[in-house]
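Participant: Chain by chain, the residues:
2 protein chains.
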Amino acid sequence: MAPKNAFYAQSGGVTSVINASACGVLQTALNSQEKIGKIYAGKNGILGALREELIDISTETPEAIAGLRHTPSGAFGSCRYKLKGIDENRAEYERLIEVFKAHDIGYFFYNGGGDSQDTAYKVSQIGESMGYPMTCVGVPKTIDNDLPFTDCCPGFGSVAKYVAVSIKEAAFDVESMCDTSTKVFVLEVMGRHAGWIAAAGALAAENENDAPHIILFPEIKLDKAAFLKKVDDCVKANGYCCIVASEGLQGEDGKFLSDAGVRDAFGHAQLGGVAPVIANMVKDELGYKYHWAVSDYLQRAARHIASATDVEQAYAMGKAAVEFAISGKNAVMPIVERISDEPYQWQIGSVPLADVANVEKKMPRDYISADGFNVTAECRKYLQPLIAGEDYPPYKNGLPDYVKMQKKLIDKKLPSFEV
Amino acid sequence: MAPKNAFYAQSGGVTSVINASACGVLQTALNSQEKIGKIYAGKNGILGALREELIDISTETPEAIAGLRHTPSGAFGSCRYKLKGIDENRAEYERLIEVFKAHDIGYFFYNGGGDSQDTAYKVSQIGESMGYPMTCVGVPKTIDNDLPFTDCCPGFGSVAKYVAVSIKEAAFDVESMCDTSTKVFVLEVMGRHAGWIAAAGALAAENENDAPHIILFPEIKLDKAAFLKKVDDCVKANGYCCIVASEGLQGEDGKFLSDAGVRDAFGHAQLGGVAPVIANMVKDELGYKYHWAVSDYLQRAARHIASATDVEQAYAMGKAAVEFAISGKNAVMPIVERISDEPYQWQIGSVPLADVANVEKKMPRDYISADGFNVTAECRKYLQPLIAGEDYPPYKNGLPDYVKMQKKLIDKKLPSFEV
Chain F
532 MAPKNAFYAQ SGGVTSVINA SACGVLQTAL NSQEKIGKIY AGKNGILGAL
582 REELIDISTE TPEAIAGLRH TPSGAFGSCR YKLKGIDENR AEYERLIEVF
632 KAHDIGYFFY NGGGDSQDTA YKVSQIGESM GYPMTCVGVP KTIDNDLPFT
682 DCCPGFGSVA KYVAVSIKEA AFDVESMCDT STKVFVLEVM GRHAGWIAAA
732 GALAAENEND APHIILFPEI KLDKAAFLKK VDDCVKANGY CCIVASEGLQ
782 GEDGKFLSDA GVRDAFGHAQ LGGVAPVIAN MVKDELGYKY HWAVSDYLQR
832 AARHIASATD VEQAYAMGKA AVEFAISGKN AVMPIVERIS DEPYQWQIGS
882 VPLADVANVE KKMPRDYISA DGFNVTAECR KYLQPLIAGE DYPPYKNGLP
932 DYVKMQKKLI DKKLPSFEV
Chain S
532 MAPKNAFYAQ SGGVTSVINA SACGVLQTAL NSQEKIGKIY AGKNGILGAL
582 REELIDISTE TPEAIAGLRH TPSGAFGSCR YKLKGIDENR AEYERLIEVF
632 KAHDIGYFFY NGGGDSQDTA YKVSQIGESM GYPMTCVGVP KTIDNDLPFT
682 DCCPGFGSVA KYVAVSIKEA AFDVESMCDT STKVFVLEVM GRHAGWIAAA
732 GALAAENEND APHIILFPEI KLDKAAFLKK VDDCVKANGY CCIVASEGLQ
782 GEDGKFLSDA GVRDAFGHAQ LGGVAPVIAN MVKDELGYKY HWAVSDYLQR
832 AARHIASATD VEQAYAMGKA AVEFAISGKN AVMPIVERIS DEPYQWQIGS
882 VPLADVANVE KKMPRDYISA DGFNVTAECR KYLQPLIAGE DYPPYKNGLP
932 DYVKMQKKLI DKKLPSFEV
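As they're listed, the protein sequences go chains F and S. All the letters of the first sequence, read from the start, carry residue numbers 532 to 950 under my numbering. All the letters of the second sequence, read from the start, carry residue numbers 532 to 950 under my numbering.
Bound-form chain F, shown alone:
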């Protein structure tokens, strides 16, 4: 019997290393031809399966596939599209199985966050119930670092490094000019509900009084009076104050400080613009000259300053997913297990998808200082190894030499399906 084919897709917000996971999946699958037949990637994630838009990996060059390791974003396209519950829209799940059946696909590798692991789990269930059992393995990915069980999520270490490096550099700038210019600088970073990314900014402070001086977490409602006092004290003591603010920061009323009112396909608010809100608050109440920056997509696309640890783990998760699948494991996701902090050592573990789905890991309260404006030593110990090492992409003409895929689709076999 010919081996079953494999399907790989990227889901949700992309990262600077999700393609490194793709590289791990594809290179490992290509080297497992006794177990895996053809390999397809979904064009624009799970939509590629629903629409029967399957990218033929055999038409991509080995060089391009190797180049995925140093290329940010989702090379095959990703999507913000959450499948409804099985009871609400069984037709979608059945369509997936039909497409997989039509193309003799027996392996489903889904690279994403909590929502995506939920989808992978449901596909494994519905395949079973439809008499077309699939091997479904998740590949963890999220800059938010909010997946449970895994010590960290591929994608997080690199955004953490970007934020720590950026606030360190900006703080050098502010410090050198604070006598006659900007006294307060606010850097807004991502993180809707979990403050991991904001926390990573604290790594830039290697000595007491180093910037950043204040971290604003989504887990801690902003105590405006305490915050303003801390800013004022900091400017008086150091001449300047650098702040890292999470986009998900809430006021004492529990509302996001800045909510553009737009919601994405998952019903999440589209945030952005908390930095100017904080900066104006400082200006109005304390009168200090301010500047602010919003990193937005730059932070999660910044492959040029990726963490070598993160790249290595992202690749390893992709590789492990395929190894799990061909060894007969099903409905699982590989995870990073920390063995020791110093020296940093880790190994690959696994967790059932049923346990991962839709669980969000927030910052433990003991990772945030008592006053709510900084991280603890425990948190630093956790974060430090995740930004370690540099893994520079190759450059051409002064720019990173990132790869693009051909994305050649195979012929459709089924009628079209409305999504």
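It is worth saying that the hints were derived from the structure and are not from the lab. Predicted model, so just to flag it, every value in this text is computed and none were measured. Warning: the hint list may mix true and false statements.
[Said to hold, decoys possible] Quick look at which bits of chain S chain F covers, simulated, 3 or more residues with Cβ under 8 angstroms:
{"no.": "1", "stretch": "667-676"}
{"no.": "2", "stretch": "816-825"}
[What the hints assert, rightly or not] Just the calculated beta-carbon pair ranges, DEER-fashion:
{"no.": "3", "chain 1": "S", "residue 1": "Ala597", "chain 2": "F", "residue 2": "Ser871", "range": "31 to 41 angstroms"}
{"no.": "4", "chain 1": "S", "residue 1": "Glu739", "chain 2": "F", "residue 2": "Ser871", "range": "49 to 59 angstroms"}
{"no.": "5", "chain 1": "S", "residue 1": "Lys814", "chain 2": "F", "residue 2": "Glu873", "range": "44 to 54 angstroms"}
{"no.": "6", "chain 1": "S", "residue 1": "Asn928", "chain 2": "F", "residue 2": "Lys752", "range": "30 to 40 angstroms"}
{"no.": "7", "chain 1": "S", "residue 1": "Pro679", "chain 2": "F", "residue 2": "Lys752", "range": "50 to 60 angstroms"}
Here a beta-carbon is modelled for each residue, glycine too, at the ideal position from N, C-alpha and C.
Based on the hints, put chain S in the right spot on chain F.
Facilitator: Same frame as chain F, but now just chain S:
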């Protein structure tokens, strides 16, 4: 007769390579002890001279001074402080000469932009008229690339590289998700009156239809209808549209699209926040989902992604300034002279300070495309070599290992002076 002492100061907005110029000045001066005695740096720029706060370079280690080459910002402190005209405040100029005289300073090296070169020129004049002739040499610096005569300004190449790399990376992100998510992305960059930095974003577009698709220059008043049509056409053709917008962008009425109302010591408006204005315009008129980023200080502090060409030229300008001074040149500034585009070759020239002062070099109109939304081939040819090469700083614990100076002040000899 003992050789005269030297004074070096940094002025205005700092860059990721102004310390590389400092490194060039200090290492060259330290190696010229037959001509130059002690070396002092102004604490917080020219204010250090007015306040008689002189940093003793002999107490800094050779390792720290070497480390300036890879450290962003102004290591001795910079300032936004413009000396008034000689007729308006002769006392300030006389104070400078008094301080220089008290500390036997015969060399004045001033590292800054157009305003600073004006100051250096005035100091050379007033010294002459007060019977204390000084050798005054400017060291060019400005991310805005708006100094005349020099082919480019140290500091610009690195911010150009940062912007080109950042928009390239963010565009990969947007492209991979545009089917179901963000369709329009706006990156706001610095540049009050000259669009050089925004233009540099265009280098990310190596092939037709590559992002960025639209550049908004401060030199071209925004034609809203033409802009919106271009965005819409771009989204329809490519699925997404990436825009680089200069903070100095003006509407058809000639007003800045976003003016916070704050003015700095030079009377310039403190800008910021044009990206959300543009993004909201797109949302309101076309309904596309958007994201925006504001790089602010991150772009001019990003030593981690500095252009090797820029670092080399910044160092060379500092070195040349000292060599000019000890060879008897006065009231001049070293400049970069381009010999050829391909291969890129350059040499050091010089220009009288009297000619540099207060002249702003804008983008030539033939560097901007006819429709005003992109650069021309001529412009790309000019910009390309300036971002070439990487010059990574050393790293420790996952972060760039930047240096800080001791900044030990020498004893004052004069009564204090109110600035």
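Participant: For every hint, state whether the structure bears it out.
Facilitator: Structure-based check of each hint:
no. : hint                                      : in the structure
1   : 667-676                                   : violated (count 0)
2   : 816-825                                   : holds (count 5)
3   : S:Ala597 <-> F:Ser871: 31 to 41 angstroms : 35 angstroms, holds
4   : S:Glu739 <-> F:Ser871: 49 to 59 angstroms : 51 angstroms, holds
5   : S:Lys814 <-> F:Glu873: 44 to 54 angstroms : 48 angstroms, holds
6   : S:Asn928 <-> F:Lys752: 30 to 40 angstroms : 32 angstroms, holds
7   : S:Pro679 <-> F:Lys752: 50 to 60 angstroms : 53 angstroms, holds
Consistency with the previously given hints fails for number 1 only.
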